[in-house]
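Student: Sequences and hints are given; from them, build the entire structure.
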Amino acid sequence: MNTQKTIVTIGAGIAGIESSVALSKLGYRVILVEKDKTIGGKINNYYHLFPNNRPAVDIKNYMDEQCRIHDLTIYKNTEINKVQKKGERFSVTTSNDDILKADALLVATGFEYFNGMQKEEYGYKIYDNVITSIDLEEKLRSGKQITTAQGKEPKRIAFVHCVGSRDEKSGNHYCSRLCCITGVKQAMELNSRFPNSLVYCFYIDLRMYSMEYESLYRSAQEKFGIQFIRGKVSEVSENKEGTLQIKAEDTLSGRPLRMEMDLVVLLVGMVPGQGTEKMKSVAALESNSHGFLESNDWQLHKNSSSQPGIFLTGACNGPMSIDETMEHARSAAFEVHTYLQNHSKHE
Amino acid sequence: MPNNLFIYPFLLGILIMLVIIAKRFSKWFIGLSKIDKIRVWKKLRTKNTIYSIREALLEGLLHHKIFKKNPVLGYMHMSLAFGWFLLIVVGHIETIYYYGSISFPFYMPVFFRYFVTGHEFYLSRFFAIIMDFLLLMVLSGVTLAYLKRFLKQPFGMKKTTRLKPGDKIALTSLWCIFPLRFMAESVSAGIHHNGSFLTQTSGNLIEHILPLNAIHTPIWFAYSTALGFFFVALPFSRYMHIPTEIFFIFLKNSGIKLKKHVNTYSQVQVFSCSRCGICLDSCQLNDAGIRNTQSVYVLKKIRDKKLTDEELFNCLLCGKCQHDCPVDIELNNLRITQRIESTLQYNSSYDYLKETKAEKADIVYFAGCMTHLTPAIKKSMVQIFDHAKLNYWFMDEDKAPCCGRPLMQAGQYDAAEKLILNNQKKILDSEAKTLVVSCPICYKVFNEDYSLPGIEVKHHSEYLLELINASKIEVSPLQQTVIYHDPCELGRGSGIYEQPRELLQHTNTLIKIKNEKEKSYCCGGSLANIKIQMDERYKIKDKAVENYRSYNPDILATSCPLCKKTFARDGKLAVHDISELIWMAIEKNEMEKLELNEQLAKVTNPEQFWELEEVPIQD
Amino acid sequence: MNKFGFTTQESRAIDYGQFDDRLLSYVQHHEPTFLICMSCGACTATCSAGNLIDFNIRRLSLLIRRGEILQLSNEIDKCMLCGKCTLVCPRGINTRNVIMLIKKGISQIKQSENQN
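Residue numbers (this note's numbering), protein chains in the order written: chain A, 201 to 547; chain B, 245 to 863; chain C, 3 to 118.
Calculated directly from the structure, the hints in this document are not laboratory data. Mixed in with the good hints there might be a few duds.
Using 30 angstroms as the maximum straight-line C-alpha spacing, the simulated DSBU-like pairs for lysine-lysine come out as follows [as the list claims (entries may be wrong)]:
(1) B:K761 <-> B:K544
(2) A:K301 <-> A:K478
(3) A:K480 <-> B:K816
(4) B:K503 <-> C:K112
(5) B:K501 <-> C:K112
(6) B:K775 <-> B:K408
(7) C:K112 <-> B:K291
(8) A:K352 <-> B:K643
(9) B:K783 <-> A:K478
(10) B:K677 <-> C:K112
(11) A:K339 <-> A:K440
(12) B:K550 <-> B:K267
(13) A:K325 <-> B:K633
(14) B:K662 <-> B:K783
(15) B:K278 <-> B:K643
(16) B:K503 <-> B:K544
(17) A:K478 <-> B:K816
(18) A:K440 <-> B:K601
(19) A:K339 <-> A:K325
(20) B:K604 <-> A:K440
(21) B:K286 <-> B:K503
(22) C:K112 <-> B:K598
(23) B:K816 <-> B:K775
(24) C:K112 <-> B:K545
(25) B:K669 <-> A:K440
Small disclaimer: the values here were computed from a predicted structure and weren't measured.
Tutor: As structure tokens, then:
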């Protein structure tokens, strides 16, 4: 009975794949549309995952395998240009001018990293030794040697929390939730590579959302000697030798603080992805005041969008971690299933 | 009613008015500083007086600046003021002709048609035509004024200003004066046949409807009464701006400037405001929904002594209204003097400032507080200085007091002076010849309020242009289209419009836009506005960005760290400071030179040089 | 020093039961944004005056809330109004207005106390 029903999933990141796989298991036909040439989305950028230091490639391999096992139809290098609802069915026009018919749509367009250049005072792309957490993750993943721009081993490293999050000046009032733990994870990784280095984290509030995150924070203090300083970095400047000077207030002692650093890592936040932005106009989806796609019912139907028959999965709905995304993806599949079941009853 | 009793309302009115105005003018004049008084006396005996009379005529009567801005509104003001003025002048000439001498009662020209019956003197018909024509002109102005009250659209004004009782009396009587004069002259023409195409025609018409002789004197009495009311109300109404403006023009042309405190000259300016409302139109606070702090309202509140800090400090001091003001009131400085007055009680002493050592150099570079939050500007400038091998001292690289301009904008003049003295000494101690500044806010105060003899103050956009012209740096074109955004303090504030554009033309293709130079937007980030909220600032910015984006430029270029920071928040438009673009162009030039050298090095056979020409080389 | 009717207390404990809310209500009325401070300290870090002397602009909003008018009146004159704090504030607090209001509020309080 279910085989004739088709679902188009927009975005083949981990949220899109996992929910598509689940729907496929339930017997639906699923078409995955991905704008990039590869699937997996942001998981491809990561090295080790918190809180258990598992290689991100594990997740990537799992996703590839699932796609293969369930023989999912995937259109790569394809975007959605138009969504029309005809009766109860959707007609989706792709950038290749294909028209896909679907009984339900699943939006899995994800997030983008906050552009560090927008906080000019931190000197990203101005000073060579200022990098973002994404740049650092890529360096860790590629296995290349990590040095300062001058080719030296970094002795003093600063992590700047809340870059583009909780910041009215960036236009983002919300907390991206995962930068704090990312900072802790990366601080520990850098410290284990450079045991003689001093690593500082400059934070406003440390937000460790899970039990394991808190443990990680504790071991960062205990085993790695990471220094946590409560104060938002206001600006970074460059010394003649290419080292950096950062300014913050040590709010706990109530005094302004200046420090010389070899490397500054900006923990960039999460903002709605380009695809998410596009879905707002293409499918007339409502967004919340932060720009992420709005759930129809915050408590009971988190996966339902403002349009009947269109469902949300993953970080297009708001910042979330990988484990949260997996739960969200499976619940989305069930939500779609329930919708299609009710729908066929009415027929 | 005896024949000439009806002139008394007019006589009394004009007498009261003259006494009040004379009292006010003398009070204002006495309140000027001694130097300013001498200035006025000295200038009064020079050609300057002729200029002032000319300006008073052009502005007070022809309103040529309002004309430029809005022809319909300009015509309304002109037909009323200039028409009336000509009526008086021609009326006098006519009376002189009639009497054959200049000795006649001074009210005679006003009521000429009542007393002189018939066309019995030389050129009388000619004068009648002219007078009718002028009356028609004034009446057309009055009609427009009626319409303006009811329909605001054709006048391009978003809104007109509100009225108080003195204004209402003056306005009502002004509206009555000319229709009544028209009626009175028509009735006289009906009886004496001394009118022309306008009054005679209507006089002949009225003759059939009304008993002319019975209403003759009463209607002239009504006219005289309207005049009387108008004159008495004038000093207590907005029309006080007419005599005040003339007084103001004389003072202004004597070279008097606003002082740093409220004095009678600032009062003269406050009363010179005609409340035309032109300042409302260009004010960008409208975009943020702020509609009660514009210059015309603030001046009114100052006159009424009802100004609050909320209104006084809610202004970007962008200077757009000052540029548009047809009366040339120094609106920015006027507001600053009010702010000085309002914050006089709590100026800081900055006793903690210490004298720190200056470095000796040819050039002092002062980046400015804001520039430390836009390091791309700071780094570009340092790289350019180093590249050009200049001997410079980066004065505020680590720490330095603020330049003092933000304090001045907030009215804290005495406090600002303390910072100025500290910085000034250091700059002088450096024995530099040039002070290069990256922030227009600093630039203005260094230029105007610092005493730096022998030191040229230059904004980096001027300075970089000089470096290019002196071949100290070489640039290659970057091939992007740019819009140049004039920062308020550099453009309208300091008159630097051309140098940044000339500089940009060395590297980029400049797009000409409608709202540039004097008409340029404020980014909304201005430090001068202390009351505005962030979301209101963003509304102002959004509107400007929207306009810039409609021209589809690759880059929005500016030369102010604050403008850059404000615009960059948007993320929809690439924003760069002029210094960054110049550094990119220098780097490109270096790369090209390097490539050329490499190619030259590869060439071993001299004949191959010819082939090299095919390689596109930009210069 | 004791012009404002304060006496030095032996105990360091603050009695919030009876604090001086004159300045708090004045500033709050005219610039409520100062209440949304999350004490990140970016303003103090970037402060031009704080570069030259011991001055903590972040603590001012705390002092207003605690009614520490005497401390405030010693601190407030250090600010140069340069505006950097407004530019870095992640909560969009109109810091310069807060400063101007504190200055004015204190001068008014001083005036009224001198009259009494």
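Student: Sort out whether B:K601 lies within 30 angstroms of A:K440, counting only the CA atoms.
Tutor: holds, 21 angstroms
Student: Just to be careful, I want the Cα atoms of B:K761 and B:K544 compared with a cutoff of 30 angstroms; is the pair within it?
Tutor: Cα-Cα ~29 angstroms, so holds.
Student: Straight-line Cα separation of B:K503 and C:K112 no greater than 30 angstroms?
Tutor: Between B:K503 and C:K112 the Cα gap is close to 29 angstroms, so the pair holds against 30 angstroms.
Student: Within a Cα-Cα threshold of 30 angstroms, do A:K480 and B:K816 meet the stated pairing?
Tutor: Holds. A:K480 to B:K816 sits at ~18 angstroms (cutoff 30 angstroms).
Student: Hey, B:K278 versus B:K643, does the alpha-carbon distance stay inside 30 angstroms?
Tutor: With a Cα-Cα distance of about 42 angstroms, the restraint between B:K278 and B:K643 is violated, given a limit of 30 angstroms.
Student: When you check the alpha-carbon spacing of C:K112 and B:K291, does it fall within 30 angstroms?
Tutor: violated, 54 angstroms
Student: Hey, A:K339 versus A:K325, does the alpha-carbon distance stay inside 30 angstroms?
Tutor: holds, 16 angstroms
Student: Holds or violated: are the alpha carbons of B:K662 and B:K783 at most 30 angstroms from each other?
Tutor: violated, 35 angstroms
Student: Holds or violated: C:K112 and B:K598, Cα atoms, limit 30 angstroms.
Tutor: holds, 29 angstroms
Student: Hint check: A:K301 vs A:K478, CA-CA at most 30 angstroms. Holds or violated?
Tutor: holds, 20 angstroms
Student: With the threshold set at 30 angstroms, check whether the alpha-carbon distance from A:K339 to A:K440 stays at or below it.
Tutor: holds, 25 angstroms
Student: Run the distance test for B:K550 versus B:K267: straight-line Cα separation, threshold 30 angstroms.
Tutor: With Cα atoms ~24 angstroms apart, B:K550 and B:K267 stay inside 30 angstroms; holds.
Violation of the numbered hints given earlier is confined to hints 5, 7, 10, 14, 15; the remaining hints are satisfied by the structure.
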